[in-house]
Amino acid sequence: MSLLSINITEFAGRFHPVLVHLPVGILLLAALFIILSKFERFQSLREAITISLFLGALSAIASCVTGFLLSKTESYEPALLFKHQWFAVSTALISVVAFFLHLKNRRTEWIAGMIVILIMITGHLGGSITHGSDFLTKAFTSGTSKGGEAYGNPILNVQESHAFKDVIKPILDARCVACHGPNKQKGKVRLDEPEFILKGGENGLTIVPGKPMESMVIKRIILRKDNKDHMPPIEKPQLNAREIDLLSWWIASGVDFDRQVKDLEQNDKIKSILKSLESGKTTVVTVTSFLPEQNVEKASEAAIKKLHDRGVAIVPIAQNGNYLSANFVAVESFTGNDLQMLESVKKQLIWLNLGNLGLTDSNLEAIGKLFQLRMLHLQKTKIGDQGIKSLSNLSELQYLNLGATNVTVKGVEQLSGLKNLRQLFLYQTAISGDDLTKLKRLFPKTYIETGGFEVPKLDSDTTVLKAPVIK
Amino acid sequence: MKDEKFNIQLLKEAEHAVLQQYTRRHFLRYGAMGIGALALSSLLSSCWTGSKKSSDSLIDPANPLASRPPMFPGKAKSVIFLHMAGAPSQLELFSFKPELAKLDGLDCPQSLLEGKKFAFIRGVPKMLGPQAVFKQRGESGLWLSDNLPHLATVADEIAMLNAVTTDQFNHAPAQLLMHTGSARLGRPSIGSWVTYGMGTENKNLPGFVVLTSGGNNPDAGKSVWGSGFLPSVYQGVQCRSEGDPVLFLKDPQGMDRDLRKASIEAINKVNQEEYTEYKDPEILSRISQYEMAYKMQISVPDVMNINDEPQYIHEMYGTQPGKTSFANNVLLARKLVEKGVRFVQLFDWGWDTHGDSAGNAVDIGLVNKCRKVDRPITALLLDLKQRGLLDETLVIWGQEFGRTPMQENREGKKMPFKGRDHHSAAFNMWMAGGGIKRGISFGETDEIGYNIVSGKTEPYDIQATILNQLGFDHEKLTYESQGRNFRLTDLSGKVITEILA
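Sequence lines, in order, name chains D and F. Note that numbering that gives the first Met the number 0 has the first sequence beginning at 0, numbered continuously upward. Note that numbering that gives the first Met the number 0 has the second sequence beginning at 0, numbered continuously upward.
If a hint is listed, it holds; no wrong ones were tucked in.
Calculated cross-link-like contacts (lysine-lysine; reagent style DSBU-like; alpha-carbon spacing at most 35 Å):
1) D/418 <-> F/436
2) F/249 <-> F/322
3) D/456 <-> F/334
4) F/412 <-> F/455
5) F/334 <-> D/304
6) D/444 <-> F/436
7) F/475 <-> D/218
8) F/371 <-> D/465
Covered stretches of chain F, going by a simulated chain D footprint (3 or more residues, C-beta under 8 Å):
9) 385-394
10) 484-498
To be clear, the hints were calculated from the coordinates, so they are not data collected in a lab. In this text, a Cβ means the ideal position worked out from N, Cα and C, and glycines have one as well.
Given these sequences and hints, build the entire structure.
Now the structure itself:
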């Protein structure tokens, strides 16, 4: 039954991503054969040209057909789609022409060159549609990443800034525009420019000026995450409470695209949120997201097995990911050599617990090579100031536990270059008083915990209430 | 006869000759269709569902407790669940109801009694005002009574759930519901689900440890930490805090460790041969159990020994080594979590404050019980915090249900002491650490704490939240039993997103 209910055109269209690779490969190969067969050494390749041009043309036509069907099922950026479609059709036509010219033994070198150029253009346009037009160039632009805070740089004077351009647009850009922008318009919604924001999508208006709770955009953002209509989709970066408040405030104040922040009405809460934009990122005490944004290849099975056999609990952070966590808690008779095994998983290892082991300063060099580490437990080990310098290479480190070790303020100071460090645990170390003040100044964004908590003695702790004596 | 034999001989030779003519080309030619069919079948299989969808594909039968990745990156790595068995009165601890004080001693209005069933209240009971002094605590301004003066100092660490509700008003079914997602026997407990889902990080220790105090096991018995239909390796291991922590771990008299080791090795060798012959994964499981038992002989006495903790830690927790006490169990819980144990479940018995005796009075026995748990729980939160473990350890304080705003009148008579009956409609629980917001309060009850007004939280929601913090979707962590997939929250459960950091 379910097979019948599948929409046949949609089903066929979905083969487009598979089929497109055939003409790319076959036609490029045909072009290569055409050029090469001009040389005496490769003359024999001439015989292969007919069949490769034939298959290439055939697959190009198939790709065009499936591509056309696919384009009807979802909405894509029309301008890009138009170009991609017609370049693709031209490629198919030219390859058919090439095939017949070749059959008639005409010269085909010039047409081979055309095919190569057309395929490159068509392919690039197709890629831009699916991966976004900045996919290729993203590697060069080190701009703000999509997963982080919406505000890369602090706003100098938030009250003088533009409400939409400086405060609201960065939120939309970071959280919504990837799917609701120039490249993709899921649900026919675009949230990148004022005219589109007001226009709405296939389900009607996305924003109702003055009424945030009636605006689709707010409704779907605050839906419970387990609701399928929740936005952004649960696997994408979510808006934080601050961003939701700002967005609601802007909608409530009438959806204005030109005025400055100071011209819009603000209550105390919004004022303080706006103020916080001036200082850039808020200091986050707890580590909220410790996963790197880029994916990584799978670690070698052999390396993982070796660690397993040694008693290390080493598992991916999540089922569909390749980043790893390793816990040495059950390793018996630990030696420094055990750490050498970690080098083979250094690209994947982001969480490491070496607490309560006979770790010494000389072992820390091996740990310093694990450049992806986000969280590192070194508590209750014999490490001290000498070895700790190696840790200053761990630029991604967010959590470091040095509790019950021999480190002093001199050692910890060497880590001041760790810009991502959010939490530093120094319980049961010699660090306290002035040293601690010094460290807090050196690590302004880090929560430093030296512990030593006590639960005070109260008289009531030891007295036991008894029933009143009834006479 | 001879001919026939000869013919058969000929036929065989001919067949052999044909077979010898097969070449690699033949194989590929005839095989191509098969390969195509294989590819097609995998392609088409997504068009219908019929395949088993339990979550157990990741489990290695030889090592069922091996650490496994959660579904998505979890905030917490381990859980400590503190259950006050018997159900303390929320109206003397967390739920501040000044309106109720005004009604103290008045007859309960009929509207509250209509259609309601109570465990002991009969006829028309009197209202009972709060028997404790409440204050707002910390920066968060959470209301906590003077019965918990130490916990009040760490109010900013906890997320208070004000509107928890259940549909059971007797201890055993309510405890089962809280821990297994069903008021009836037979379902796996939450600790079993968690160790089934993600194993444990220390192969030398059980993944799910249960510690009890207060003189009795909880009313629902060992089923509240049972594994139900899950493989029995996932059931909670009850450890004693007095005497041998786990029974029969000591070497028997006249048998030294080397002999013990040799016999276990011999048994495992026999089992290994059995496995080579029959390939039954259960045999591998048995081998690993023997090995684990042997390792536990060393690791358990070590981790379960609180004597080696420094004096200031004993003072902080209020522990007394050598005795069974809630404080000792709390300190053990911290040690176990530090050692990589996944789920530690504490039950403290004796909170059933009906008012039938001084020990069960909300203004006497309850106060004394609070004094026994206030210090260790506070110490636990602070100790986890200073050790850098609070963020990855989820602490839950809970009970099976709440208590009535009315004074209990067992058999319609006035009770000798002030007590409250079981109340399922509204009570409090709290969570801390493990990626939960600090110092917040969620949900509201009415002016006398009788019914919930907003932020309804069911046991399923608490279970869903615990699984979520460990990195599991409670709807997808399933096990097939009796022909269908089961999950902890069965058909309900919503993650309490409002309290997630």
